[in-house]
Amino acid sequence: MPAILEVENLVKKYGDFEAVKGVSFTVEEGEVFGLLGPNGAGKTQTISMLTGVVPPTAGTARIGGYDIRTHMEQVKRINGLVPQDLALYPTLSARANLNFFGRIYGLGGRELRERVDDVLRIVALTERADEAVDKYSGGMKRRVNIAAGLLHQPRLLFLDEPTVGVDPQSRNHIFESVLRLNRERGMSIIYTSHYMEEVELLCNRVAIVDQGRIIALDTVKNLTALLAGVIHVGLRQVGDDLLAQLAALPAVKAATVAPQPTAPPPAEGEQPREPGPETVPGYTIVKIEAEHTQQALIHVIAFLNERNIPIASLQVLEPNLENVFLHLTGKRLRE
Amino acid sequence: MKMLSVAWKDIQILLKDRGTLVLSFLLPLVFIVAWNLPQLAGVSGGDDLLPLPVVNLGGGSQASQEFIGALNRAGGVKVQEYEQAQAQALLKEGDIQWLLEVPADFSAMGLEHPVTLRLITHPDANQVEANSVSMVVTGVANGMALQNQLLASFEQVGAMMEAAPEEYRKVFNAETYVAQARSQYERSRTVPLVSIEQTTPTLEREPIQVSGANVAVPGFTILFVFLTAQVTAQSIFQEKKVGSFRRLLAAPLSKASLLAGKMLPNLLLTLLQIVVVFGAAIFILPLLGLERLTLGHDPLALVLVSLLVALCSTGLGVFIAAFAHTEAQIGALSAVVLWIMAALGGSFVPTFLMGGALKVLSAVTPHSWALRAYNDLFVYGRGLADVLPEMAVLVGFTAVFFAIGLWRFDFD
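Top line first, the protein sequences correspond to chains A and B.
So for the first sequence, the numbering used here puts the first residue at 1; every next one is plus one.
So for the second sequence, the numbering used here puts the first residue at 1; every next one is plus one.
Keep in mind the hints are simulated off the structure, nothing from the lab.
Keep in mind that this is a model prediction, so the values were computed, not measured.
Idealized CB from N, CA, C, for every residue including glycine.
Be a bit skeptical, because a hint or two may be false.
What the hints assert, rightly or not - Computed spacing ranges between beta-carbons, pair by pair:
1. A256/B - I215/A: 36 to 46 Å
2. F25/B - R185/A: 40 to 50 Å
3. M1/B - T60/A: 27 to 37 Å
4. L179/A - L27/B: 50 to 60 Å
5. V275/B - G108/A: 51 to 61 Å
6. A256/B - N204/A: 36 to 46 Å
7. L358/B - K135/A: 26 to 36 Å
8. G243/B - G239/A: 46 to 56 Å
9. T91/A - L287/B: 31 to 41 Å
Claimed, not checked - Here are the simulated BS3-like pairs of lysine-lysine, each with C-alpha atoms no more than 27 Å apart in a straight line:
10. K13/A - K241/B
11. K255/B - K240/B
12. K255/B - K13/A
13. K16/B - K135/A
14. K13/A - K240/B
15. K135/A - K240/B
16. K16/B - K241/B
17. K135/A - K255/B
Pulled out of the complex, with its shape left as it was, chain B reads as follows (with noise of 0.2 Å):
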């Protein structure tokens, strides 16, 4: 009872701390949305299709005019047409990232006339989508040239049966067999010889859920709620400067009684952090046209690793007050401790993409196991048994921070 006395006295005063406040849950939304911001600059118009700027020289002949149809058709590109200067001066700008030039002499193209398609990429164009263009553009000018080949075939064959007799030539004839190759080539579009079935197996688990909000939420969370640590280690020492932990030990209040209640404001400050946060990325991002945080398919597992993050951020407040005496320590040791760990343990990159040392040193910070919790939660949709190594990890981190924070501290 009295313990809580001392946790709604530390609330009281946290509830007139503004700055406090507003670093614990307004900042938190800030970087989640400034990191998931240039989500909204790749979007165009809801799809993912690659603009394909192009210059028809060959004007309105039917060839040119198939070959851009055939583009569009293909997937993957979406075909803008521009004049030549407009599109060479957009270019120049950087303003697109490639130009296709479809030469004048584009319908003539045939056996005895190749045609060279252009397309001239911007030096600071991304490579990967510069090549997926040009292998569409690629594959499309393939099939229209075998098209194309295959008629003159026939108009050569047709050619050769003028010299046949006369009742050969009034059924085999240049005619007869081209149309019938168009035919073929037009039913080819609807009836395909050959067609690609695509499939996706039915798995035992649900799908990766892999999402900037699924990697960068949780990430910046942990961040700040291990941030909130310090606000643990500047209550304790705002009580012993004011002077009322003095007065505190003189009154009928267990020494444990007056930590947990110093400690249980934390512990609720990082649990309502977790909430707000995680509620915001869920309503609010895609208010702003984000994707929004998925949670997974395990509430309980959800709920106790919360917690013992919690617990965990709150034990190194207690560390962190055990070791600095002064004002300065803590703001050193917090800065040192908690901002060096964040790294480490992957709330600024995912630890994936560290290599070697790095990747061994995350293993020593809790912010790094608390991430694994939660991307198996959210990113890879399992459940409390798949969580249990890293619950327990955390449960050792916890329990080695109270010991020393509680051996060490002072309460003189």
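Same shape as in the complex, but just chain A (with noise of 0.2 Å):
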């Protein structure tokens, strides 16, 4: 099936800063794609210029065949967007806010009726339609908040970080809703969200992000597959006979120095906080890559003892996104 959406070395700056740094990838027709990174990792700002908010400072996209730099008018009709934030007026009600948002996309009379029900239904807010939206619970307004970027039926759905603040009940339609508009009705979705559990749970394929780059992007299957046999070993002094000594180990594919964790940076006014549960001063995190874990394992522990080397820490990386994250940057998703 043709890409719905094609991105070519999308940048965008704001003076010296660079938000996003040349990200590239594709989404195919009917795909759930997931942008997954920590808060400020630039997964907004590429939505936002996909979706015509800011202009890209360089680089460009294809949204079912238009150029988001030269037809961006075609291109937002292609697209829906559900934004972080609650984009609702509060005191009209969800019926007034979704007949508004429906004629901004060119619908009225009973097309716009029969699409502000329909979405309803998607969303099941049905009942409750004609209260005002300030009277809602933060579930039921992330709710809205979906269905008015489902009006005019995009090709192209984003959903940026649709479940923030979002009860478990209101989470979990959320989920379901995604998966029916998906497999029902055809949508390709972009999904970003800073919860493993969500992209693990929802999309095909996952693009990671942090500091504005794609650091991997693959099904959730491979990326954790990336994690299939690792072992992060926290030893005092490590050298490269010592790492020799561990990749020559039976069932050890290989045995390097991991990225190593660090503090996340302090809060304005805070102080600097310390580096996760897994460090421990002074000490050296080797990654051990093994064929076979539990044999490397063995393995790597027995060496370890016959020759008095203390072992500071040792972690079994479970194989999935977030312990993925962690192995490719040394920080965790949610800091």
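Since each chain comes alone in its own frame, lean on the hints to assemble the complex.
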């Protein structure tokens, strides 16, 4: 199937600060594509450029065959955006909000009424559609926020952190809606989040974003396979000799120094924080890539015990996206 | 069409904002009524005669009664008679501003017996009015004194004729002279030797309609119309704050349509403000006993000036929104720009009462030019051709506000 979205070296700068540093990826028609990364990674900026909220500094993209730099009017008709902020008018009812947004997309009359009823059914808010939005719970507001993005039946829907601050029930409802939209209506979806569980559950492929760059892009299965047989060992003195000896152990593929976990930068006014619990000051994390995790673990521990090399920390990384991110960046998704 | 959708959405939000509606429509009416209320305190029995409390110590003497009657006929004053003790008590309390005492020997007024009227004025009395009363009393007193002097003169002549031959005394005696003089005085009241004819020439224009309403109503209307600029600025800020601005930027809606849609409700609101306030000044003020607003004789000029004022207010709202990035900044900027401009522009004190630098500064405000236009129409009864200069200046202000506002507007 042809790609619905093709991004080529998209860049966004604000003065000297580069928020997006040349990202490239494609999204196939009918795919649910995840953008996973911590806050400030550049996910929302990327979406903002693709949806026409801000112009790109460099690079371009094609959506439905239309270039965003020259045919943004057409692109906006193909796109649907569910922004991270609740983009609703609180004193108006859900129905009034949806009527307004529908008219902005050129809907009117009976078609508008039917579309509004349809999206209210999708997000299960038909009974309370005529109440003012400011009387809704946070989860209900999020659902209306999603409904507004679906009115014009977009081919490509951007969902930017749609479950932030949402209760579990509403969260599950959102997941179900996303899956139903994709499976039943063939809608292509770009889903951004810093919650790996959501991305693992919903997305066919995931791009891991950090500091304005895509550092990995593949299916969830292939990404987590990066971690198949990864052991992190904290040791005091690590030299090339030791690494070579560890790499020569049975069931071990390679032994290298891992990206050292760093403490997240402190917020303004905060004291600097310590790195995560897997580190001990003065020790270096060694990454052992194993052919067979259990066997490699036995051999590594035996080797180190024989040489009286104290083990400061030991972690077998579960194959999930959180640990993939940690493996690739040395940071956690949620700091 | 989409611009109208944006506008209709903002109108729906505005209709739910009761606070703004009250401020926009009710407050101007309250200001106008409160400003004009002193008129009611000054009106007495539908006429404008100054009250003249009189204590007639001469009692029922013919001379004192004639004097009091002459005061009432003189015009400008209305005599109110009191007993001495009562009048002095009222004067002491300040319930009356002045008091005229007619002496007990008033009837003995003559060449050998001058009398003195006492006009006692309260220290807090309006001096202009007190002087007017004094002039009326003096005029009437002098007239009466002259009458008495002449009659006394004829009596003296009569006494001299007593010594004249019999045949002369039969014809020329004091009674004849006095009777003749009295009939002349009576005749002078109905057929005066000198009369004053007061006429008013026909003007090529309508006469000036200076009234409290014609001056105060436009001033306060312009104040509140321009205060509505803050509503526009707040509306734009709220759109950004709730995040809907972002969604609208991602929609197939041009920035021009988006902004135009945001501005249209303010334009309609300000036009409606003008209609409601002027309408209330025409129909409701008279019901409260106050002067009504007169709208002049050129409805086209009135509509065009009002439209320009509304546009200018809208432009100012965009201007404020472009510079203020937080709600607090909108409030602060609005307070400084809108209230100071209103004060300088003549919304509270007419610019013709300002002097020197203030008068010069007032010309830098759209308020003063709007007020000049309304004054030309309402007070001087002028037409479209006469208000074109003011309209041109308002167009200039509007263009500057929009140009700078749109240039600085941050869509991000």
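Structure-based check of all given hints:
With their beta carbons about 40 Å apart, A256/B and I215/A fall inside the hinted range of 36 to 46 Å. For the pair F25/B and R185/A, the beta carbons lie near 48 Å from each other, so the given range of 40 to 50 Å is met. Under the hint 27 to 37 Å, the C-beta atoms of M1/B and T60/A, about 30 Å apart, fit the expected range. Distance hint check: the CB atoms of L179/A and L27/B are about 54 Å apart, consistent with the given range 50 to 60 Å.
With their beta carbons about 31 Å apart, V275/B and G108/A fall outside the hinted range of 51 to 61 Å. For the pair A256/B and N204/A, the beta carbons lie near 39 Å from each other, so the given range of 36 to 46 Å is met. One distance hint, 26 to 36 Å for the beta-carbon pair L358/B and K135/A, is violated here, with the actual separation near 51 Å. A hinted range of 46 to 56 Å holds for the C-beta pair G243/B and G239/A, which are about 54 Å apart.
Checked against the hint of 31 to 41 Å, the C-beta distance between T91/A and L287/B comes to roughly 35 Å, which is consistent with it. At most 27 Å may separate the alpha-carbon atoms for a hinted pair to count; K13/A and K241/B meet this at roughly 23 Å. Pair hint K255/B plus K240/B holds up; C-alpha atoms about 14 Å apart against a cutoff of 27 Å. About 22 Å separates the Cα atoms of K255/B and K13/A, which keeps this hinted pair within 27 Å; it holds.
With a C-alpha separation of about 15 Å, the suggested pairing of K16/B with K135/A holds against the 27 Å cut-off. At roughly 21 Å between alpha-carbon atoms, K13/A and K240/B fall within 27 Å of each other, so this suggested pair holds. Annotation: proposed proximity of K135/A to K240/B holds, straight-line Cα distance about 21 Å (limit 27 Å). In summary, the hint linking K16/B to K241/B is supported, as the alpha carbons are separated by about 18 Å, within the 27 Å threshold.
Annotation: proposed proximity of K135/A to K255/B is violated, straight-line Cα distance about 31 Å (limit 27 Å).
When each numbered hint is compared with the structure, violations occur for hints 5, 7, 17.
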